[in-house]
Amino acid sequence: MAAKKMFGAANASILVTDLRRSFDDGVTRGYEWRVTQLKKLLIICDNHEPEIVAALRDDLGKPELESSVYEVSLLRNSIKLALKQLKNWMAPEKAKTSLTTFPASAEIVSEPLGVVLVISAWNYPFLLSIDPVIGAISAGNAVVLKPSELAPASSALLAKLMEQYLDSSAVRVVEGAVTETTALLEQKWDKIFYTGSSKIGRVIMAAAAKHLTPVVLELGGKSPVVVDSDTDLKVTVRRIIAGKWGCNNGQACVSPDYILTTKEYAPKVIDAMKKELETFYGKNPMESKDMSRIVNSTHFDRLSKLLDEKEVSDKIVYGGEKDRENLKIAPTILLDVPLDSLIMSEEIFGPLLPILTLNNLEESFDVIRSRPKPLAAYLFTHNKKLKERFATTVSAGGIVVNDIAVHLALHTLPFGGVGESGMGAYHGKFSFDAFSHKKAVLYRSLFGDSAVRYPPYSRGKLRLLKALVDSNIFDIFKVLLGLS
Amino acid sequence: MEAMKETVEESLREMRETFASGRTRSLKWRKAQIGAIYEMVKDNEDKICNALFQDLGKHSTEAFRDELGVVLRTATVAINCLDKWAVPKHSKLPLLFYPAKGKVISEPYGTVLVLSSWNFPISLSLDPLIGAIAAGNTVLLKSSELSPNASAFLAKTIPAYLDTKAIKVIEGGPDVATILLQHQWDKIFFTGSPKIGRIIMAAAAQHLTPVTLELGGKCPTIVDHLTISKNIKSVVKRIAGGKWGSCNGQACISVDYVLIEKSFAPTLIDMLKPTIKSFFGEIPKESGCLSRIANKQHVRRLSRLLSDPRVQASIVYGGSIDEDKLYVEPTILLDPPLDSEIMNEEIFGPILPIITVRDIQESIGIINTKPKPLAIYAFTNDENLKTRILSETSSGSVTFNDVMIQYMCDALPFGGVGESGIGRYHGKYSFDCFSHEKAIMEGSLGMDLEARYPPWNNFKLTFIRLAFREAYFKLILLMLGLKR
Chain U
1 MAAKKMFGAA
11 NASILVTDLR
21 RSFDDGVTRG
31 YEWRVTQLKK
41 LLIICDNHEP
51 EIVAALRDDL
61 GKPELESSVY
71 EVSLLRNSIK
81 LALKQLKNWM
91 APEKAKTSLT
101 TFPASAEIVS
111 EPLGVVLVIS
121 AWNYPFLLSI
131 DPVIGAISAG
141 NAVVLKPSEL
151 APASSALLAK
161 LMEQYLDSSA
171 VRVVEGAVTE
181 TTALLEQKWD
191 KIFYTGSSKI
201 GRVIMAAAAK
211 HLTPVVLELG
221 GKSPVVVDSD
231 TDLKVTVRRI
241 IAGKWGCNNG
251 QACVSPDYIL
261 TTKEYAPKVI
271 DAMKKELETF
281 YGKNPMESKD
291 MSRIVNSTHF
301 DRLSKLLDEK
311 EVSDKIVYGG
321 EKDRENLKIA
331 PTILLDVPLD
341 SLIMSEEIFG
351 PLLPILTLNN
361 LEESFDVIRS
371 RPKPLAAYLF
381 THNKKLKERF
391 ATTVSAGGIV
401 VNDIAVHLAL
411 HTLPFGGVGE
421 SGMGAYHGKF
431 SFDAFSHKKA
441 VLYRSLFGDS
451 AVRYPPYSRG
461 KLRLLKALVD
471 SNIFDIFKVL
481 LGLS
Chain Z
1 MEAMKETVEE
11 SLREMRETFA
21 SGRTRSLKWR
31 KAQIGAIYEM
41 VKDNEDKICN
51 ALFQDLGKHS
61 TEAFRDELGV
71 VLRTATVAIN
81 CLDKWAVPKH
91 SKLPLLFYPA
101 KGKVISEPYG
111 TVLVLSSWNF
121 PISLSLDPLI
131 GAIAAGNTVL
141 LKSSELSPNA
151 SAFLAKTIPA
161 YLDTKAIKVI
171 EGGPDVATIL
181 LQHQWDKIFF
191 TGSPKIGRII
201 MAAAAQHLTP
211 VTLELGGKCP
221 TIVDHLTISK
231 NIKSVVKRIA
241 GGKWGSCNGQ
251 ACISVDYVLI
261 EKSFAPTLID
271 MLKPTIKSFF
281 GEIPKESGCL
291 SRIANKQHVR
301 RLSRLLSDPR
311 VQASIVYGGS
321 IDEDKLYVEP
331 TILLDPPLDS
341 EIMNEEIFGP
351 ILPIITVRDI
361 QESIGIINTK
371 PKPLAIYAFT
381 NDENLKTRIL
391 SETSSGSVTF
401 NDVMIQYMCD
411 ALPFGGVGES
421 GIGRYHGKYS
431 FDCFSHEKAI
441 MEGSLGMDLE
451 ARYPPWNNFK
461 LTFIRLAFRE
471 AYFKLILLML
481 GLKR
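So the sequences go chain by chain: U and Z. Read in full-length UniProt numbering, the first sequence has 471 at position 471, and its numbers run on one by one without any break. Read in full-length UniProt numbering, the second sequence has 98 at position 98, and its numbers run on one by one without any break.
Source of the hints: derived by calculation from the structure; they are not laboratory data. Incorrect hints may appear among the rest.
Stated by the list, open to error - Straight line, CA to CA, 27 Å or less: simulated DSS-like cross-link-like pairs of lysine-lysine: (1) 315/U <-> 274/U; (2) 275/U <-> 315/U; (3) 89/Z <-> 103/Z; (4) 310/U <-> 263/U; (5) 233/Z <-> 273/Z; (6) 195/Z <-> 87/U; (7) 96/U <-> 89/Z; (8) 87/U <-> 233/Z; (9) 263/U <-> 275/U; (10) 101/Z <-> 80/U; (11) 429/U <-> 84/U; (12) 385/U <-> 28/Z; (13) 385/U <-> 92/Z; (14) 384/U <-> 285/Z; (15) 31/Z <-> 234/U; (16) 96/U <-> 31/Z; (17) 94/U <-> 386/Z; (18) 92/Z <-> 80/U; (19) 28/Z <-> 84/Z; (20) 101/Z <-> 460/Z; (21) 387/U <-> 263/U; (22) 370/Z <-> 195/Z; (23) 40/U <-> 474/Z; (24) 84/U <-> 5/Z; (25) 429/U <-> 263/U; (26) 273/Z <-> 47/Z; (27) 195/Z <-> 199/U.
Claimed, not checked - Stretch-level coverage of chain U by chain Z, calculated; a stretch enters the list once three of its residues show a Cβ under 8 Å from a Cβ in chain Z: (28) 6-20; (29) 62-68; (30) 73-84; (31) 91-97; (32) 250-260; (33) 394-403; (34) 406-413.
None of these values were measured; they are calculated from a predicted model. Using N, Cα and C, we set each Cβ at its ideal position, and we do this for glycine too.
Let the hints inform the model, and build the full structure from the sequences given.
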């Protein structure tokens, strides 16, 4: 097998130059090209699903259903939506003009930014690579994708399939790790789209600042779940379990990170969870094939450390089993770990679920507010007032009431973070917009000029200007007719 | 400096506390604040015009047209439209998710920083301030030290009109900015040069703070003499007005240079000369209608641009400099070399290079050799040329047959791309600029689908696949056992 070529600064520079030439030549601008590329992506989804599922099993032990549904099906829908809507999205938007700019007409034209960089993550390696690429291509850009090296089989498959099907004069994949990413980040991009941790998000934005490159950062955080006693407990618990362990085993940016509920209700929640966990994963969850494994030993050790901390290890009320060789940790529930413990200080990103109990549910607002803004915040309740308060006062990327994570699948809702959980948004038309420049265009007529615009200035002109600003209709007529 | 550091920390603490109290969320509060800004400007017209005259020699009519009038309008529009802007946007969800509901609400970022500029110190401070308040944030404004009288006015008067626990003003230069940038803000809005823009964005990256950067560039003006010759008088007036009539060329959207076919350049120059005289008289320095250069440093900068012997040789009008009076004469250059400094940095002054081309179509090539500007202007009635300009160049905005006036059109986003900036504002875009668009999804606890939950099997997989494709009929067949 040939040794892997080193990808350094020189390669990155040539890559960007090549793609910029293609972009400047107009390769990516036309509707036809964009549609062709999108259709090819659809073929990848339709014809290569088994290989994708296999790669995800290799990299993450991801169950077939998760791969098929949460990666391939979501992508398929995303591509189909783009194909259906692209003409609409590309059309200029008319804008209203006012009396001050009369006579004129105005519109907003979407244009591609140019050559963009998409850096993806390891937990949903296909979804998080191709979904942003769909946005980039729809908007008419040339794009470089850097998949995560922590999911090597997926990265290699992405590189292979995209080279096979897509127009490599404008769409490329660069595999690699820190060296390659650093080399790429030194180049000038017209946009950078990054999915990953807040720590690296800072590095990305700092690199982007050197070139005034706008960024979308899809980061993470500790997404809290508030469980009210006025809820349907069985449904609540099932949705939490499916959203946590059923989505890459807790290794997702919108994973329920911790639960907040009242001291009174907590025992019921725990009992219900234990029961449903057993229904879902059996008496020996370590042997269930329906959960992804932990991605690698680094993360396994990180999660172990969270569990082993003094004052935390004795709070385990369910699970806690670990198997380093097979990179498995059982679904684990903890009760009332200290607020300043490690497990409550960093995004868990794994199968551990702390439950914090409060005297009353009111306190949950303070707990959430005292922490960095998460990507998602969840609430389970029938109480309308509580829903309203939660939606308006909890700041997060997105809020979901009575469900977990589903908002990811909704292309009519923008998906993105705020504060530590990120900036910018995508999905559906928001993806197209994320990779577009909305250029303002004003068409003026050469007639209808008023002397009031020009020096020499006078009190009279001042009066007229004031009238225009105040939109006093009579004075305006006087101005337009050149009177006064 | 220690005192300043403490002031900043104390201000931040108070603003955050105010934001947390929820006071700024009320639309009534926001409208009252914006109304107070309106009153402040109306009550102090003379004081403001005086300050602008002291700082920049700006005539009161120009001050009203470009600053006070703009702010009054921005405030009026914000008050009139705020209710509409703040309404949640409902999103349609696919049938599969029935009866779930989705919407997007605009929530304030929190505590934001506005860094303003010296050339339009009142409007570039108050316009973003109005946007930040309209969106419900607490705001700290740092006005520019290069317009000290305007800055002092704002620092003294804003506290007299506005809620001082929520809206604060700090005066100072780069050292104060440095202190401010060390802190975490929920959003930073900056107007200024690309060089400083990079520094701002790098500082923001440390805290994952989203930024809007309103920068600049060389705004070219294409004059397609052939197709607008009937209205050449208007064209010349508009160009002259757009160059010297608004802060004497020191505006981010000033006409920087003109592109015209070689044979028509003499006509243009011959018409510009008397136009300048009609605006500013025989001795522009004494007209009272021509703003001064900001300071000696900028006079020297402009002087240096002219000092290149090849540029000197290209002077066809003007060229005199009086450093003590902060005066650079309205100057026209004919074909300075394209590689001279003056053709490679934003002029930001009263020097107008005219670049000739053989065919007006060549202008596009020249424009594309430079970074993307904030605005492109083109005087033409040739539909083909208009289309080419729109599709083959990139800029914040394009205005046909006029200059500068796109600034007044509230329905158009005002912002740059590439070197000319990130983000946009004006009208509703200002409200959006300072808001986090939070997605809210509300599911129903009632309808639960078994297929959502492990343990997985082929039925569930098929069900979910069909559901994603929204193949509802096949889904029903599956559930009725009529489909395998």
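Quick rundown of the hints versus the structure:
1. 315/U <-> 274/U: Distance of about 15 Å is within 27 Å: holds.
2. 275/U <-> 315/U: Status holds; Cα separation ~19 Å.
3. 89/Z <-> 103/Z: The hint holds at about 5 Å.
4. 310/U <-> 263/U: Roughly 23 Å separates the two Cα atoms, so the pair holds.
5. 233/Z <-> 273/Z: Given pair residue 233/Z, residue 273/Z holds - Cα atoms ~12 Å apart, limit 27 Å.
6. 195/Z <-> 87/U: Violated: residue 195/Z and residue 87/U sit about 38 Å apart, past 27 Å.
7. 96/U <-> 89/Z: Since the Cα atoms of residue 96/U and residue 89/Z sit roughly 20 Å apart, the hinted pair holds (cutoff 27 Å).
8. 87/U <-> 233/Z: The given pair, whose Cα atoms are some 41 Å apart, is violated under the 27 Å limit.
9. 263/U <-> 275/U: It holds: about 20 Å lies between the C-alpha atoms, which stays within 27 Å.
10. 101/Z <-> 80/U: Holds, at roughly 23 Å.
11. 429/U <-> 84/U: OK: residue 429/U and residue 84/U at ~11 Å, within 27 Å.
12. 385/U <-> 28/Z: 22 Å, holds
13. 385/U <-> 92/Z: 23 Å, holds
14. 384/U <-> 285/Z: 68 Å, violated
15. 31/Z <-> 234/U: This hinted pair is violated, its Cα atoms lying about 46 Å apart.
16. 96/U <-> 31/Z: 24 Å, holds
17. 94/U <-> 386/Z: 17 Å, holds
18. 92/Z <-> 80/U: With a Cα-Cα distance of about 17 Å, the restraint between residue 92/Z and residue 80/U holds, given a limit of 27 Å.
19. 28/Z <-> 84/Z: 13 Å, holds
20. 101/Z <-> 460/Z: 25 Å, holds
21. 387/U <-> 263/U: Holds, because 20 Å separates the two Cα atoms, which is no more than 27 Å.
22. 370/Z <-> 195/Z: 16 Å, holds
23. 40/U <-> 474/Z: Status holds; Cα separation ~26 Å.
24. 84/U <-> 5/Z: 55 Å, violated
25. 429/U <-> 263/U: 43 Å, violated
26. 273/Z <-> 47/Z: 34 Å, violated
27. 195/Z <-> 199/U: Holds. Residue 195/Z to residue 199/U sits at ~25 Å (cutoff 27 Å).
28. 6-20: violated (count 0)
29. 62-68: Held - the stretch 62-68 of chain U has 4 residues with a Cβ nearer than 8 Å to chain Z, which meets the minimum of three.
30. 73-84: holds (count 4)
31. 91-97: Our answer is that it holds, as 3 residues pass the Cβ test (under 8 Å) against chain Z, meeting three.
32. 250-260: violated (count 0)
33. 394-403: Contact hint for the stretch 394-403 of chain U vs chain Z: holds, 9 residues under 8 Å.
34. 406-413: holds (count 6)
In this structure, the hints that do not hold are numbers 6, 8, 14, 15, 24, 25, 26, 28, 32, in rising order.
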